[in-house]
Amino acid sequence: MKIKTRTNATLWLVVLLALPMLARAQDVKIPPDVEKLSARAKETVEVTMDGPMLRWASKFLSAEDPEEAKCAKLVANLKGIYVRSFEFDKDGAYSAAEVEALRSQFRSPAWSRVVGVRSERDGDNVDIFFKLENDKMAGIVIISAEARELTFVNIVGPLEVEQLADLGGEFGIPKLNPKDLSKSSSKAQRGDRR
Amino acid sequence: MTRMNMDKDDSRMDDALRNALRRQEAPDGFADRVLARVAQQNLAPNPVRHDSWLRFFTQPIVRWAALAAVAGAMILGVHVYQVRRERAEGEAAKQRLMLALRIAGTKLQLAKSKVNEMNANQTTNRHVKE
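Protein chains in written order, with my numbering: chain A, 1309 to 1502; chain B, 5 to 134.
Bound-form chain A, shown alone (with noise of 0.2 Å):
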């Protein structure tokens, strides 16, 4: 009966050490997969952002200059940006099956996916996940796996469907519309399931 009541509290010390890690593992920032195929890559950029670090570079953004001012107010609600894109120097530097495992990650609930693009032509597939908390986004995965180049995007914070169309639209990119992008999603959809 004692050894039931020990393993008991330590099953319980267990769990309530846990949940601060589980807590975590809720908020998906960078997968350590994707981490690995820096050793691989030719050319890497790594922007991790979190929300002090964000306030604290979006200070330095003149509101004077006005796609400045457009990034000081897209950014002024996030919690983190972190962007890994990893160029290599041949074809197949990566494996479908890595890329697999990190779009594994975003099918919960908590996500959906609203783009899914697969093109055998040129082998230039992207997924745009969207989190969703009290019908507000709450973040946005992007998963880019071009012939040559990988490409993550992880924007967590409550970001406005307009604000993201200002993100496309920017930088001398056209405006992303968003209804083109809810539009898009059910037939890019059914494409990938062919």
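Hints should not be assumed to be uniformly reliable.
Stated by the list, open to error - Okay, derived cross-link-like pairs now, SDA-like style, lysine to any residue, Cα gap no bigger than 20 Å in a straight line: (1) A:1381 to B:88; (2) A:1378 to B:98; (3) A:1367 to B:97; (4) A:1378 to B:96; (5) A:1350 to A:1397; (6) A:1381 to A:1466; (7) B:98 to A:1388; (8) A:1378 to B:88; (9) A:1381 to B:100; (10) B:98 to A:1371; (11) A:1378 to A:1445; (12) A:1387 to B:99; (13) A:1387 to A:1376; (14) B:98 to A:1374; (15) A:1367 to B:103; (16) B:98 to A:1465; (17) A:1387 to B:97; (18) A:1367 to B:15.
In short, the hints are calculated from the structure, not lab data.
Here the structure is a predicted model, which is why all the values come from computation and not from measurement.
Dock chain B against the given chain A, drawing on the hints supplied.
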């Protein structure tokens, strides 16, 4: 020249020398005047020390003020250095942030172009079937 003449000349020279080198008493008050002059010279300030700018720092308040000024300048220098370093780090962080947004934007654009491509293909296929 005879010997008698020579002796007369010598005697005259001796008289002249004796007259020139005879003991004379100092004028009245000479010693007092000399002592007074010496005392006056001792009292007078050193002309070299009087002209030196370093003498300015011999006063304690000036010394403390100079020390405070040096310390203030050092603190200001460190502060300026820290502000500049913080600004440089902030600019670098801003560039990283812009880069991250640029990459995210580029990939969103890639997704959009692919989706548009697929839409265009589907529309073409539909028209062909019709």
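Verification of the hints:
Distance check on the hinted pair: residue 1381 of chain A and residue 88 of chain B sit about 26 Å apart at the alpha-carbon level, beyond 20 Å; violated. Of the supplied pair hints, the one linking residue 1378 of chain A and residue 98 of chain B holds, its CA atoms being roughly 13 Å apart against a limit of 20 Å. Restraint check for residue 1367 of chain A and residue 97 of chain B: the C-alpha separation of about 10 Å stays at or below 20 Å, so the hint holds. Using a Cα cut-off of 20 Å, the hinted pair residue 1378 of chain A and residue 96 of chain B holds, with the two alpha carbons roughly 18 Å apart.
This hinted pair checks out: residue 1350 of chain A and residue 1397 of chain A have alpha carbons roughly 6 Å apart, not beyond 20 Å. Our distance criterion of 20 Å between C-alpha atoms is met by residue 1381 of chain A and residue 1466 of chain A, whose separation comes to about 12 Å. Between residue 98 of chain B and residue 1388 of chain A, the direct Cα distance comes to roughly 14 Å. Compliance with the 20 Å bound is thereby established for this hinted pair. Between the alpha carbons of residue 1378 of chain A and residue 88 of chain B the distance comes to roughly 26 Å, so the proposed pair goes past 20 Å and is violated.
Annotation: proposed proximity of residue 1381 of chain A to residue 100 of chain B holds, straight-line Cα distance about 16 Å (limit 20 Å). With a CA separation close to 13 Å, the supplied pair residue 98 of chain B and residue 1371 of chain A stays within the 20 Å bound. A distance of roughly 18 Å separates the Cα atoms of residue 1378 of chain A and residue 1445 of chain A; the hinted pair therefore holds under the 20 Å criterion. Annotation: proposed proximity of residue 1387 of chain A to residue 99 of chain B holds, straight-line Cα distance about 18 Å (limit 20 Å).
A threshold of 20 Å between alpha carbons decides the hint, and for residue 1387 of chain A with residue 1376 of chain A the separation of about 18 Å falls inside it, so the pair holds. At roughly 15 Å between alpha-carbon atoms, residue 98 of chain B and residue 1374 of chain A fall within 20 Å of each other, so this suggested pair holds. A hinted pair counts as satisfied when its Cα atoms are at most 20 Å apart, and residue 1367 of chain A with residue 103 of chain B qualifies at roughly 16 Å. Of the supplied pair hints, the one linking residue 98 of chain B and residue 1465 of chain A holds, its CA atoms being roughly 18 Å apart against a limit of 20 Å.
Distance hint between residue 1387 of chain A and residue 97 of chain B is fulfilled; the C-alpha atoms sit about 15 Å from each other, no more than 20 Å. A threshold of 20 Å between alpha carbons decides the hint, and for residue 1367 of chain A with residue 15 of chain B the separation of about 114 Å lies outside it, so the pair is violated.
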